[in-house]
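Going line by line, the protein sequences match chains A and B.
Here my numbering is used: the first residue of the first sequence is 1, the next is one more, and so on.
Here my numbering is used: the first residue of the second sequence is 1, the next is one more, and so on.
Hints in this document: simulated from the structure, not taken from any laboratory.
Check each hint, because a few of them may be wrong.
[Unchecked claim] Simulated crosslink set (DMTMM-like; lysine to aspartate or glutamate; CA at most 25 Å straight-line):
no., chain 1, residue 1, chain 2, residue 2
1, B, Lys-10, A, Asp-61
2, B, Lys-26, B, Glu-71
3, B, Lys-10, A, Glu-102
4, B, Lys-15, A, Glu-98
5, B, Lys-15, A, Glu-20
6, B, Lys-22, B, Glu-3
7, B, Lys-10, A, Glu-72
8, B, Lys-10, A, Glu-60
9, B, Lys-15, A, Glu-84
[Unchecked claim] Non-contacting residues of chain B with respect to chain A, defined by C-beta distances greater than 10 Å in every case (computed):
no., residue
10, Lys-10
11, Glu-71
12, Asp-76
Since the structure is predicted, the reported quantities are computational estimates derived from the model, not experimental observations.
C-beta atoms are modelled at their ideal positions from N, C-alpha and C, and glycine is treated no differently.
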Amino acid sequence: MTVEVFDTAAVESARERGGEAREDRPEEAETALEVEDTRVGFQCGVELLERDYAEYPTGEDTLRPEAGDVLEALADHDMVGSVEDIGDELRAEPSTVEKALELHGVEPPTEGQSEGVEEREGEIMVPLVGVVPTDHLRTPVFEDARLLEHLYIRCGYGIDEIQEYISTQMNLGRGPEKSRWTVRRSQIRDALEAVGLLEEVETESNPYAEDDIRLGKTGLRHEDKRDRSTDTSTVHVDDYE
Amino acid sequence: MPEIYTTRFKAESGKTVELPSKVGRKDIGRYGGGAYGDGTLQVAIVGTGEIDEYVVLEVSEGHSTIPDGAEIIGTDVASGATYYAVPREVYRE
């Protein structure tokens, strides 16, 4: 699907989607959604265990009897090829991991290998375009109108997919020493609304409000309360405009 | 005349030790060291009965859970770490 700048028909059609994904979209846009950060390491890419990083045993916890399943799962994982890999994933010293493997009777991994995803600090892969420096985009990137237009209209992504795609791309370039880059679905919706690609939806009926912790919007109410009938010296904002 | 068994080891997480089934006395303390006398944390255990393999583990200050059947060895007053031993067989369950 080719979209010209200010293609009013495409924009109109996108606004009617209400944040949902489009069915007919380029194959490259589909495959771009399948990209995962496959580096091994704590808070590096996706978790290798079926649990959040916050629930990982770390350090000497790996020596405890209940850590056996975790060690076995990691030792059998396709992306884990060494004791050091397990140590990186669990934030444990290799000597501790060796001791833990021995205690739990788990064979040290030898055959797995991480796919070695290249760290791309300051760059983002844009489907159908290529690698784009984040310096060329607004900060935060999810508010960049060109990126939103591209992902929502040209790629046909829905709000959930845009959130997932940008999050994955931003975290591909982040080392384990940095916190995870995150964006909420409600922020994507707000950004799409701000650039006119979505109709504004009332908060009560907004399906993306669930992850929005705001209690209300901040705003300034501008009222003219001057009472001309009295001679009190009230100062009003309007007087200084 | 009862037969007692005495063993001494360095308190170290993950270390496998042999302990008597009926522990009579446990001593834990710093041994050796330089000017500050920090040395190494050593444990001596005396008891009777069968000798079984245990694994030494530690927990830090505060609330912790330890497996059933674990034997508390003692606390390092310098660090607040409590050392305990779990039967080696629980790793094979």
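Hints versus structure:
1. Note on B:Lys-10 and A:Asp-61: the hinted pairing holds, with a Cα-Cα distance of about 19 Å set against a maximum of 25 Å.
2. A threshold of 25 Å between alpha carbons decides the hint, and for B:Lys-26 with B:Glu-71 the separation of about 11 Å falls inside it, so the pair holds.
3. Note on B:Lys-10 and A:Glu-102: the hinted pairing holds, with a Cα-Cα distance of about 19 Å set against a maximum of 25 Å.
4. For the hint linking B:Lys-15 to A:Glu-98, the alpha-carbon distance of about 12 Å falls within 25 Å, and the restraint holds.
5. In summary, the hint linking B:Lys-15 to A:Glu-20 is not supported, as the alpha carbons are separated by about 56 Å, beyond the 25 Å threshold.
6. As the CA atoms of B:Lys-22 and B:Glu-3 are separated by approximately 12 Å, the hinted pair is consistent with the 25 Å bound.
7. Proposed proximity of B:Lys-10 and A:Glu-72 is contradicted: the alpha carbons are some 28 Å apart, above 25 Å.
8. The straight-line distance between the Cα atoms of B:Lys-10 and A:Glu-60 is roughly 16 Å, inside the 25 Å bound, and the hint therefore holds.
9. Among the hinted pairs, B:Lys-15 with A:Glu-84 is consistent with the structure: their alpha-carbon atoms are about 20 Å apart, no more than 25 Å.
10. The beta carbon of B:Lys-10 sits about 14 Å from the closest Cβ of chain A, which is more than 10 Å, so the claim that it is off the interface holds.
11. Non-interface status of B:Glu-71 relative to chain A is upheld: no Cβ of that chain comes within 10 Å, the nearest being about 14 Å off.
12. Annotated as non-interface, B:Asp-76 keeps its C-beta farther than 10 Å from every C-beta of chain A; the closest such distance is 14 Å.
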